[in-house]
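**Student:** In order, the protein sequence lines correspond to chains A and B.
Its first residue numbered -12, the first sequence is counted upward by one per residue in this note's numbering.
Its first residue numbered -12, the second sequence is counted upward by one per residue in this note's numbering.
Rather than coming from a laboratory, the hints here were simulated on the basis of the structure.
Please read all numbers here as calculations on a predicted model, not as lab measurements.
Nothing false has been slipped in among the hints.
Since the list gives no way to pick one copy over another, a pair counts as held whenever it fits inside one copy or between any two copies.
25 Å max Cα-Cα, derived SDA-like pairs, lysine to any residue:
#  : residue 1 : residue 2
1  : 182       : 206
2  : 318       : 338
3  : 300       : 173
4  : 318       : 368
5  : 300       : 105
6  : 300       : 104
7  : 300       : 117
8  : 264       : 34
9  : 318       : 339
10 : 254       : 201
11 : 300       : 121
12 : 264       : 40
13 : 375       : 326
14 : 300       : 116
15 : 300       : 119
16 : 300       : 351
17 : 264       : 36
18 : 300       : 122
19 : 182       : 201
20 : 375       : 408
21 : 186       : 113
2 protein chains.
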Amino acid sequence: MSEREKTDRTRRRFLTTSLAALGGAAATPALSGEKPDPAITEVQPWRRHLGPGVDASPYGLPSPFEAQVRRRNVPWLTADTRSSINFTPLHQIDGIITPNGLCFERHHSGVAEIDPSRHRLMINGLVEQPLVFTLEDIRRFPRENRIYFMECTANTGMEWHGPQMNGVQFTHGMIHNVMYTGVPLRLILQEAGIKASAKWLLAEGGDAAAMTRSIPLEKALDDCMVAFAQNGEALRPENGYPLRLLVPGWEGNMWIKWLRRLELGDKPWMQREETSKYTDLMPDGTARQFTWVMDAKSVITSPSPQAPITHGKGPLVITGLAWSGHGIISKVDVTLDGGRNWTEARIDGPRLPKSLHRFYLEIDWDGRPMLLQSRAMDETGYVQPTMKALKAIRGENSVYHNNGIQTWHVRENGEVENVEVS
Amino acid sequence: MSEREKTDRTRRRFLTTSLAALGGAAATPALSGEKPDPAITEVQPWRRHLGPGVDASPYGLPSPFEAQVRRRNVPWLTADTRSSINFTPLHQIDGIITPNGLCFERHHSGVAEIDPSRHRLMINGLVEQPLVFTLEDIRRFPRENRIYFMECTANTGMEWHGPQMNGVQFTHGMIHNVMYTGVPLRLILQEAGIKASAKWLLAEGGDAAAMTRSIPLEKALDDCMVAFAQNGEALRPENGYPLRLLVPGWEGNMWIKWLRRLELGDKPWMQREETSKYTDLMPDGTARQFTWVMDAKSVITSPSPQAPITHGKGPLVITGLAWSGHGIISKVDVTLDGGRNWTEARIDGPRLPKSLHRFYLEIDWDGRPMLLQSRAMDETGYVQPTMKALKAIRGENSVYHNNGIQTWHVRENGEVENVEVS
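Isolated chain A, as found in the complex:
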């Protein structure tokens, strides 16, 4: 069935059940004359006066009426904003591309404000010839363009102990999805010559934290990239300008920003960020290390606590995001009743591996409370677990890798709350 047939099939069902509601409550018959709408009967100022010209904004910005669409910090979460997080406003955006201005940030020593002319990328360790590249050198390698999600492994981490954060921006907003342009990492490593004894790669950032992670060489030679652009333009300073390592499908902490050094070695370096942090403490007190892949996950972005239903009953668009570090999302199901009945959602837009997928379910809301959940399945057949199933294995000592099913409780008045169903 074509994409269009799917949309239209949805639409036919929609019309059958709710034409009255949409024709009445939602859309206003234009010529009824009952209550003249000043937005129609009056000439608005922007139709009377010439607006700003093309020299007004060499670099364009959102409308002032969109000022509330922004990244948000949670002050009590960290002691200092320079080793902290802000969150992508998932409830306010649509499609699968995150605009560059709204990509969440996570720093350990604040944003490194790098002069690109003074930035270098060094390759050393178990290589035939250590090399140092300028940015111009990097641009002389063959390039690729790929859309990938980048998720902090602590995303949804506050929810291990039950509902904490009342908004999808805060429960799931440590993720973004952009089109990167860059060079396959294997080409850069091959340029230096990989010694046979090399099994691991160390990537080091140019910030004051010198963020450093070990990556198996097999992954480095697979789909990793050294990127210089996001959504067409140079990386943003807070996302790694001028160079970032991409580790598609793997936890965001490994995507070293402000990339300055790549070292090849024969074993992992056991850095702070792969021992003390970014491991998973199990119920028996042992810790799982090197749990890199981000498993299949999904969440409904609207309605959600920050995006309540304001139009009353009738036609309602339920929408959300699904993703998997293992590849493509094959299916997303949505339930309105906390998991008793599931309906397959419509995935719309490009379905790309290790990228966000956008899903929609159009319903005719009867105005009664709902327990909304979404459940993703990826191309390996893996199904996103319930929080209960996840905790049965992982316990409640964890911070990272929470990909459990999220529940939103929609009230009769359209307000939405973060809840957990047992």
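Since the structure of chain A is already known, use the hints to place chain B on it.
**Tutor:** Chain B alone, transformed into the frame defined by chain A:
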């Protein structure tokens, strides 16, 4: 052959011909010690001091070092900047997504600065029930996400009389390519009920120019959309906030911004913008009307006059864009010698219908002058014409629909000039 095999095949050829050049001229052996690079031997300030925290930029912006990456106006081109154009910096961006801040603008009465709470979309004319929608109403319809190019039909229009504008930003920069989110137009029209006598659609903008165009109903019911988001966030004011009509593959002037009214009728309205303007004056003095589709076209974005070769001979990435209003680009060829010999370029990234395609050709530049051209072929088998072939049919009276092959003359010193080959 997979995308990876294509890249690697390119790379193998690249290595065979130019390892010495890249290992020598381009990348610096790290430990030679001959001329210590202060970027390596000194600790840069951003490694010594904590940078700004996550509350510093609720809406992120490019690095100050990228201030020269911007839309540019050409003051002499129009009498007033409020009925004018600025241009996308194609030479400074990569991939296929145009970041929202860099999408070119073309206005007839400046930017309409609309308060979304006071904006309505009216449907009238040959419909069963005229309707007026608020923005909230529009968001209750099923949504789609599509990446489409939007090209002003006057793009490259200054070049009909030979090379005029010395930069791809100015010769080809009236184009952008974003992911839109919106509602299929047919669903909105069907909501009002389309009368059997309706054959045409009139779309009207909410700016002071009340930009208005006629569109055949067949196209309106095909792939047109009413969009409210670009690259995930709300449309930018200069690109039609809060609602824009999308007419995929067709000339940009029809993509009515600030969309306020849709009227169904039984014949075209013969508005100024489809009679006095946006027609093609032929050599015999007659004018072609309703030449809506943007035919297959391509251009090399780097090297180009604004993006000269600064690294001397050796490995060189030639890159550019190709697109067609008829669908997918099947092939792009590149010539280094003004059309004598052609090599198939590598198209990388998603290949989507009526979207920009990014192509690359990696060569080992011998430092001698080149006459660079690209030539696109679309899925219908149509091949982008030479300027000579185009003029043989269209003459030189035209302003619009110039999709001829562009030539860049690369000099030995790496500088690039806009030329025409006969």
